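My numbering puts the sequence shown at residues 1 to 258.
The reader is advised that the hints may include incorrect statements.
Said to hold, decoys possible - Label pairs and their in silico Cβ distance ranges:
(1) P241 with V216: 18 to 26 Å
(2) S35 with D197: 44 to 52 Å
(3) L158 with L15: 27 to 35 Å
(4) F170 with P241: 26 to 34 Å
(5) E190 with L15: 39 to 47 Å
(6) S226 with Q36: 49 to 57 Å
(7) Q101 with Q217: 19 to 27 Å
(8) E155 with I12: 36 to 44 Å
(9) Q101 with S176: 33 to 41 Å
(10) G59 with L202: 17 to 25 Å
(11) I12 with E156: 32 to 40 Å
(12) S35 with A186: 21 to 29 Å
Since the hints were derived computationally from the structure, they do not count as laboratory data. A quick note: this is a predicted structure, and the numbers were derived from the prediction, not measured. All C-beta atoms, glycine included, are put in the ideal place defined by N, C-alpha and C.
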Amino acid sequence: MAKAREPDDEYIPSLEKGLAVIELFSAETPEWTLSQVSRQLKLTPGSTRRILRTLELLGYAVSNDGRFRLTARVLNLGFAYLSSQPFSEAARPLLQALATQLGISCSIAVLDERDIVYVARATYKQFEHYFVHVAARFPAYATSPGKVLLAALPEEELERRLKDWELEAFTPNTVSSLDTLRAQLAQSRERGWAIADQEIFLGQRSIAVPLTIGGVQTAAIVAATSVSHTTPEGLVTNFLPPLRAAADEIQQVASALL
């Protein structure tokens, strides 16, 4: 909790408590029980319960057998900050350079429960098909960044998200069963990249690799183009090396700003 401060009539103690709870979660301690949060922050059990329940209802946290974990929605709290920081300014030209080099569109996406959300985007000026704007959201199972990000989840968390998931067929190529999806995720985990071949839009192919920042895989960078521009094999041969190089540059920029 914050140190004692001068009285201020506009200060909201409950907001301070809520933010303190969010800040408890980290790569070292990704899960907390109600009693652990209460002891750590010296909050009453009742106050802790209300804060955790509020975070859960708003989609910022999930609970499993009494243990709470943050969701990717918490990243939304940082997007406004990131957009004003040097990292964001550095990522944009790197994305744009890659899009121009390959004559395609490039994006950065994060995982929000079962969806991916695009948080950065660059498009080659002559490439206009399948335009996806920043903040666009798609089911993770049918996208290359979604497969990369799902594959990085701990097994227990992955199975929680896969449970009772009905896979909608957007095209004839969309993955149609959870068993097939699991196999694709295992392959992506082993390779370090994933492809989606006309699974969301007919005529579009994409390849994605992870972005690891601060030792945690937090996002994916994706290169997308039309089927007339390249084959699935071409994605790996021609797009994967520069995509990985761009990911390395973005990770270096992000690490320098931590």
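Results of checking the hints against the structure:
1. P241 with V216: 18 to 26 Å: holds (24 Å)
2. S35 with D197: 44 to 52 Å: 48 Å Cβ-Cβ, so the 44 to 52 Å window holds.
3. L158 with L15: 27 to 35 Å: holds (33 Å)
4. F170 with P241: 26 to 34 Å: This hint holds: roughly 29 Å between Cβ atoms.
5. E190 with L15: 39 to 47 Å: Holds: the Cβ-Cβ distance is about 44 Å, inside 39 to 47 Å.
6. S226 with Q36: 49 to 57 Å: Since S226 and Q36 have Cβ atoms about 51 Å apart, the given range 49 to 57 Å holds.
7. Q101 with Q217: 19 to 27 Å: For Q217 against Q101, whose Cβ atoms are near 24 Å apart, the range 19 to 27 Å holds.
8. E155 with I12: 36 to 44 Å: This hint holds: roughly 40 Å between Cβ atoms.
9. Q101 with S176: 33 to 41 Å: The hinted range 33 to 41 Å holds for Q101 and S176, with Cβ atoms some 35 Å apart.
10. G59 with L202: 17 to 25 Å: violated (32 Å)
11. I12 with E156: 32 to 40 Å: holds (36 Å)
12. S35 with A186: 21 to 29 Å: violated (36 Å)
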